[in-house]
Each structure stands twice: as structure tokens, then as C-alpha cells.
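Student: Letter by letter, the chains look like this.
Protein chains: 2
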Amino acid sequence: MSLYQAPLRDFQFVLHELLETSTVMQACGRSDFDAGTIDQVLAAAGEFAEGVIAPLNASGDEAGCELRDGVVTTPAGFRGAYRQYIDNGWSAIACSAEHGGSGFPTAVENAVNEIFGGANMAFSAYPGMSQATYVNVRANASEELKALYLPKMARGEWAGTMCLTEPQAGTDLGLLRTRAVPQPDGTYRITGSKIFISGGEHDLTENIVHLVLARLPDAPPGTKGISLFLVPKVIPNADGTLRERNAVVCGSIEHKMGIHANATCTMNFDGATGWLVGEANKGLAGMFVQMNHLRLGVGITAIGVMEAAWQKALRYANERVQGRAPGSTAPADLIVLHADVRRMLLTMKANVEGLRALALWASQLVDVSHAHPDADRRRDAESLVALLTPIVKAVGSDVALESTITAMQVFGGHGFIRESGVEQHVRDVRIVSLYEGTNGVQAMDLLGRKVIADGGIRMRAFVDQVMAHAETLHARPETQEFAGPVLQLARRVREISSELVALSVADQHAAGAASVPYLRLAGHLALSHVWLRTVEATRTKADSGDPFYASKLATARFYLKRLLPQTVALCEEIRAGAGVVMDEAALPSSS
Amino acid sequence: MSLYQAPLRDFQFVLHELLETSTVMQACGRSDFDAGTIDQVLAAAGEFAEGVIAPLNASGDEAGCELRDGVVTTPAGFRGAYRQYIDNGWSAIACSAEHGGSGFPTAVENAVNEIFGGANMAFSAYPGMSQATYVNVRANASEELKALYLPKMARGEWAGTMCLTEPQAGTDLGLLRTRAVPQPDGTYRITGSKIFISGGEHDLTENIVHLVLARLPDAPPGTKGISLFLVPKVIPNADGTLRERNAVVCGSIEHKMGIHANATCTMNFDGATGWLVGEANKGLAGMFVQMNHLRLGVGITAIGVMEAAWQKALRYANERVQGRAPGSTAPADLIVLHADVRRMLLTMKANVEGLRALALWASQLVDVSHAHPDADRRRDAESLVALLTPIVKAVGSDVALESTITAMQVFGGHGFIRESGVEQHVRDVRIVSLYEGTNGVQAMDLLGRKVIADGGIRMRAFVDQVMAHAETLHARPETQEFAGPVLQLARRVREISSELVALSVADQHAAGAASVPYLRLAGHLALSHVWLRTVEATRTKADSGDPFYASKLATARFYLKRLLPQTVALCEEIRAGAGVVMDEAALPSSS
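Chains as they are written, first to last, in numbering that gives the first Met the number 0: chain A, 0 to 590; chain W, 0 to 590.
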């Protein structure tokens, strides 16, 4: 039984037919990634995922990590798999050529990350965090630090972490207390305790590069007094050989609902030597390079887990015989023939394929925002990435959780049993709505910082883009039925965004009360746009009878008719206003 | 830190002020249950739940059950707690006086069950299943079997199980293969293997009474050839002393997502001695007495778990300081002051309180349907119980799952850590949507068997009842804002029910494609009715400033304005029709 199969055909569709990645990258001055090269990479990723890490997923969950005397041992097989991972060059896939990287487009990098996340989320989170750390160091550190650290990190010989959270400072990093005291030699002594550090300690690499937020002695209070430091587990010599153990140790690891094989550590810094990254007191902005990279990344991991769960459910529905389907004369039929099971399967299919296309589009826009020769295109792409990042993170993770729960439901009682493998997906993916900024934080990032703060201009531009596209397709008889609901939704989002911008002036709770349904609504806007582009890319081919395209088109129809109606309710919820939420009588403060 | 607190005040409100249980029971000829007696029972249940079984909830999850040589050992503390449970008379709370029971009304029994389920779902599932077995034997068995078994079961000395599922027969019991061969002495030899048997084996009682579905040698195929047998673990003498071990053993126990402390067993019957219960080949109907009892019961357990999770989230929100609330000048505020956290808390509060009132109303109707002197009242109550049972089971469990997930979200990253206790609630409650008939089965039971099969008459009667009540309140200015949305919803349900009755004649998949959103829609109809009755019962008292009633009224407003809008989307989903679901192109059968 296959535990996981990389959905290569769908990646090909999204990258080549929907996003035209090769062409877009060529316009960005990168002509080395034709479709054949991309397909080869994806096929190799699939082989590694299916053959090496998927088989370690259940056993890793069962065994978990162990901490003894400050040393974390990953589950059996993880060290070997990681060795293969870096030997195959996966850690370097998107790193710069100057550090020995392959420099693949972000869309390809994230397709690969989806594959690895789907095969084994706990395993893939180790290099996932390291990649994000690499990006942070590359964006913010001095040339000296970059030269010393980045080649090692690109090769995957040194891992990386992000040390933000403290017991009293999670969402609110302004409350953090870890101190950094400057030393005569230009380094800093870092003292404090950080919690929830993913991969804070493990046995996969010889060194771990911690990026730590801390306060200088003279720092102003709150978020304006936070600086970013690089604190290696082992201090290296200038030539990259290892010199001495730094004063940072893992004090404990968490017992969690899922991703048991990924060590979540309390890291104690006891006068550890660190190097300042970027400017003093501007550490939070620096860290956001990594944070945004991760938000897209964890959203994509969630999509991978959703894919794995959907594959299991689809296979089970095609094997399990139970109940007679309407009109059948057999004693009992495959459950895939029952309407309610099909409803569940199609919901999962529409969710995973729509979100995949959306996430890879957002990934591609990251490259366009950096490398396109046209400044307007760069600016537009950057603006869209800002909107789509919280959507991919939060809608991706919430919908992935819903879909993995639905996959369990297809299994009936068998889904509750560990052996089915599907309940692990629920437990694993549950964390994605919580970390790298809870989904409530994503929602306020979207509505507060990215919609209301600029008077809704950025969102209006996106709505206009969606509407212009939908209007074109609405004018063609053959695509009218698909474009209609998208047009209607775009109008609704335009109206409700304006209302919220206006309302937030008078009511300070308007944004907070509306943010979560607004994010989901914006997610549907983005997804419906992606599905309409999918209709455009598949309709003619579907008519010619190719089952892949016919299935895509039918899935688009299902999404637009059965899932998009959720947006009506979201609008009503938002319009109910902040009053019912803030009513002091409803939740007496003494309760 | 309190792990769980029985919501006594809310039970008092529901039983005394909303349902007027004492008065209704008096009309049913039961004058022995005044408010004071009921309150005493609930307080005692709370004490037992808080002091004895809540402290075993996390440790039971951690330890799980162990199977060695056919013997299942429950987690440390469970045997002692069970001894206390039966010594306190909890097993007999709703049993008949002739078997030594206390004969409490079903609404009180289920209030107690909610309390025990909330404190420790895995523990309470053992006696919960035994109670349902008692009800089955009492309804269906011969006088001889009843006299021998029921007093022991009422005292909790003997436990009970329900043995239905086989590897190839879950939802579709017509496929079951376990055989029963008649013996010259009037007994039967039962041979076969049953899976997913909750409490199939354990160390809490000296005997376990299995109610087993099996086929006689001459039985017709399918569901019309199923008979019900009583198969004790230890065969008793006529005086109730234990004679000899029967040929039934536990072959394995499942490793599950949750309720680790409740043993889910494979039970192997190898020519075990059994006694026929009820008529031959009519076993499925007999078993449905137990099944319906359980469906209400597990829905109520889910509400208990939801209550436990909501309590934890509310406490955390009142302790955790993070982020500055709009308008505040403090460095950071309690998270309960943030609008999005309030939205989550109020969603949970509205869910748990609404479903509690609905479930206890359905419980009370069970007694009315049996004992009311007026035949019309009995018939109406029975009809309503038939509608409300799948709603309490399925909406209760789905909403409980959503709410426990929301409770985790309030905790942020801390919610993912075992120590918080909240993630266990998600893992435990997940099973309720799957067992005793998956929620898809509940939805078809409601729409297929209870709405479409009688041409929608029963549902129309319920809609009329809801509308008549809402119209009365709509005519009063002070309750108009509450009644308006309920009226609107009732009209929608009336229309869509008629449409589905008509549609199902022509389209054999119409019911299956609509069933799950229809069930949720019907759930909102029932909940909105309950909330409107709550408005009626609280409005005047709320105006006088009592915080309990003011909170109730504000929660009603939140439910009607923020949660009820979901129904608009559900109607649109249903009206999208079966075509998009059954489209062969969407899910090619080869995939």
C-alpha cells in the first residue's frame, strides 16, 4: 500500500499550464528552468518522499523525540534520511549559487516542500526551519557572517532555528525579556529562556544556528527595542570548523498533540555568545523576512498533509464496500458511489487543488516581486504577496484541518484507529493554525495592516484584478456559469472591505470582530480566482475528453457551486458587527 | 486549578426555568422529582465528577488500557473510581424501581451523564454503555432474562456492551456474518468476530453482558436475517452467582486517537452460549432501542467535553496577558478583552449552552413520549424525539469537535501541548462523530427516513411549532429582534424540506447529496427555537440586572446574529443539487 504519492500531474498542471512558471521566470531573467528540468526535480522529490520519509511517518509519530542530558535523539531512521536529504541536494534547492545552492524558483521550492510535508511533516519541518533561517541570514546579516554560515546552511550541514517566544511573550513579542549585553570584542552575551523552539536541539546536524530576539541594555520598551542575534550551538572558527560549545542548552522538550518526531524545545541561553544581525532595535523587522517565508512554507506544508489525507480517503472509498447505492442491485457497493461520500471527497479535492494552485501562485509572485525587470510588476507582485501570505497560512491550515477531519470521516470508525494513518494527519496539521502567528494574528495582519491601514487600496486592486478576469469569462457563453459566482463574490468583498475601512474609524473593535471571517472571505476570493483561471486553462481540453482536465473542470464547478456559498454567511457574520461580540453582559469579566 | 466544574447553575436554568422538568414529570404521573431533589442529585454528581474522575482524565489518557492474556487492565484509579460510582448509586439513577433503580427522569439522567462525560469521557463511557445495554434488555428480553440480569446491571455489578460491527460490516449491518446455532436446551452457540466493541473487556466488573447481533442458520440475507442475543462473559446460575467462563475472549484492543482509557476491543465468540433476545430475525429493531438511547447519550457526552474545553479556554483568556486591547493604555491586556478572542469564547458559549438545552429537551420528550397521559402528547413527543435524536448526536458531536478546536485556538501554541489538557478534548470527542452511526448515517436517518419517507409531515409539524412560537414573540416589540431570524429560518426550512421531498422522487441521489447540510440546517432550526425560548425565559430577569440572565440574553443575541447566518450558506449548498456531487468526471472511478 502506498503511504503517499507525490501529485506530480497536478504540479505539472499548476506550474506549466496555470502559472507558466518557466516563461515567467524567463521574464525575470532566469532562463535555466524549463518544464523538463522542473519535472525532473519534482519526480526526484517524489521518489525521495515516497521511498525514504513517508515510511518513517508513522514510526516517527509513535517513537517521538527523546531528550537525555541536553541531547535530543530523533526517531529511528531520521538521521539516515536527513543524510540522504542533504546528499541529494534538497537543502540547497532554493539557495543562492554563491553559497552552493541550485537557485530554483520559489514555486518549485514550495512544490517540493509540499511533497516533503505531505510525506512526513515532522521530518520536513527540520529542514523547513533551516531554509527559513538561511533566508533570514542572507537578507540581514553582515557579509562576514554570511560568508561563514550560509554555505554550511545551504549544504544542510548546519541547521537553523527561530527563537522568539518566551513564556510571557507569544503573540506579543513586545513583552520579551531575553537580554543581550555587548562585549568588547563586538559580540554579545545572550541570556534568557525561549520556548516552543522547533528543532532547537536534535541529532541531525553538527551545528544549529539560532536566530534570537533579545533586548540590548539601553533598548526602548516594547517592539521597538528588540534586536536580532545569531547564536550558534557550536561557535565556529573563521574557516568553518567547529571551535567550542556555546552556552545554549535544551532544557526540555514538549509533549504535543502531533508532530511528535519534531523536537519542540525550551532553549536556555546562559550568557551565550551571539552576533548582531542587522541594526540594533530593528530585529523584529529583520525577523519578519523569516516569518513571512515560514508563513507561506507552513501553509504549504498543511496543503501537503491535506493531500496525504485525501489520498488515503480516496483509496479507502474505492476499496470499502458498504451499503447499497441508489439504483444498484448489488448487495452492497463501493462507498465512493454514495452521494455523501462523494461530497466529502470532492470537498477535499477542491480544497487541496485550489489551495495548491493559490500557494504556488503566491510563491511565484515572491520571485516576480524580487526579480521582474518592470518596477510596476514588482510592486504589484509584492502587494499581492502581502495579501496572499496570511491567506495561504491561515486558510491553508484551517482548511487542511477541516479536510483531514473529513478524511477521517470517510474512514468511519476505522479513521479513529492509529493504524489507518489518517488520524495522525489531523494531530500533525493542527499545529499549523497555531504557530508562526496564530490564525487570529494572520487575520488581523490581513484586515488591520493590509486592508484598513492603507484605506483598502491594496485589496481594491486585487478585487479589480479578479473582477476584470471574471468579466472577460462572463462575457463568453461557455464560461459564464463559472464566472458568475466569482463576479458576485468580488462585488461583495469590495463592498464589505469599504464598509470595514469606514467602520474602523468609529469602532475600535470593528476590525477584531470581523477579522477571522474576513480572512476566510478573502481566501475564497483568491481561491475562486484561481479556480476561474483553472477553468480557462482546462475547458477546451476537458471537452476533448481527457479525464484529467474533465475532472479539473468538474472540481471547479463543485467548488464554485457547493463551497463558495459559504461566503454569503461570512458576509452576514461580519455585518452582524462588533456589538454582539463586545457586549460586556455576554461574558461578565468575573466569570 | 479546577480541571472541570459541573455547570450546575446552567442545568438549574434549563431544567427548572426552561423545561420545567418537575411540572412536566408530574403531568406524566411522577411527582417525586421536585427541583430541590434534582438539584441535590446534580450537586452530588458534580462533586463526584470534580473530585474523583476529572483527576483521572489526563493520567488515563497517558496510560491507556493494557491487554495481557485476554485480560484488560484499565488505568490506575479507574477501578476505585468505578467502585465509588456504583456505591453512590450512579449506575441505577434511571433504572426501574423493580430492579433497585432510582427511576430519575431522562433529562436528569442525561444532565448527570453530561457532567460525567465532561469530567472524564473515557471513564464515563463504560457505565454509559452499560446503561444502554440495561435499556435494551429491559425493552426486549424475556422475563426470565430480565429477572436474572437487570438487578445486577442496575447495581453496576455487571457491565454491558453492544456487539454489532464486524470487519466487513460497519454502517451496513446487513453484511454481518456472526452465526448463532440453536441448541437443544434453548440456548444458542454464537461464533464470529466483532470489532470496535467499547468496553468489550475490562477489570471494572465481575461480569460483562454482551448484546450480540448474529444470524440463525435459516436466516434470510441482509438486515431481515439478524437476531439479537445476550451473551454473558461469565454464565451465571439462576441465583445470579457466577458459574463458568463463556467462550468469548478479547483478541486485541485498538490504539486510537483518543479515549485511550476506554478499551475498544475485538471480541472473538467461539461457540459462546447465548440467549435469544426478542424475536428471531428481528434483532436489528430490538438493537435500535439501545442505539437510539446511545445516540442521545453520546451527543450529550460530546456536549460535556465541549463544556470542559470551554471552561479551560475561558479561564485561560481571563489569565493570559498578551497584546494591548484597542483603547487601552496598559502595556498588554488580558486576551479576553480582544474582540477575536471574545468571538471564539462566545461561539463556544452559545454552542454549549444551546446544545445542552436542546439535548435535555429531547431527553425530557423521551419521558413524555412514554408516560404522558394524553395520547396526542405522547405521539407528538415521540415524533419530535425521532427528529431530535440524530440532531443531538450529529450536530452535538460536530459542533463539540469544532468548539474543542476553537478552545485550543484560544490557548495559542500552548493549546498544542498535552499539559494544557485541551488537546485531549479534541482527540477524545473526535470519536463521537464516528460511532453509533457516523454523522453521515445520522443525516440520512433524518432526511431519508424521517423527512422524505413521510412526505415531510413530521418536519412540517416541527417547523409549524417553531413558527407559531416565533410569531408570538415577533409580535412583541421587546422580543422582535430575536424572533425575526428564527421566523426567517423556519420559512427556509419549510421550503427546502418540501423541495427535497419533491426532488427525491426524480433524483435518487438528491437526499444523499443534501443530507449533511440539511441535518446542520435542521440543527439550527432546533437550536434557534431553544434560544428563543431562552429569550422568553430570561428577558425580564435580564433587564433587572442579574448577570446570569443578562449573559444568557446576550448569548442568545450572539447566536442569532453571528451563528445563525450559517444557515443561508447551507441552503445554497443544498440547492446546488446532486449533479455537481455525482458528476462522474469529477472523480473518475479509476482514480
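None of these hints come from the bench; they were simulated from the model. One or more of the hints may lead you astray.
[Claimed, not checked] Under 10 Å between C-beta atoms, here's a sample of chain W residues computed to sit facing chain A:
(1) R178
(2) V180
(3) L559
(4) A575
C-beta atoms are modelled at their ideal positions from N, C-alpha and C, and glycine is treated no differently.
Student: All hints, please: hold or fail.
Tutor: Hints, verified against the model:
Using the Cβ-Cβ criterion of 10 Å, the hint placing W:R178 at the interface with chain A is not satisfied: the shortest such distance is roughly 18 Å. At its closest, the beta carbon of W:V180 sits 23 Å from a beta carbon of chain A; the interface hint therefore is violated under the 10 Å criterion. For W:L559, the interface hint holds, the least distance from its beta-carbon to any beta-carbon of chain A being 9 Å, beneath 10 Å. Look at W:A575: its Cβ gets to within about 4 Å of chain A, closer than 10 Å, so that hint holds up.
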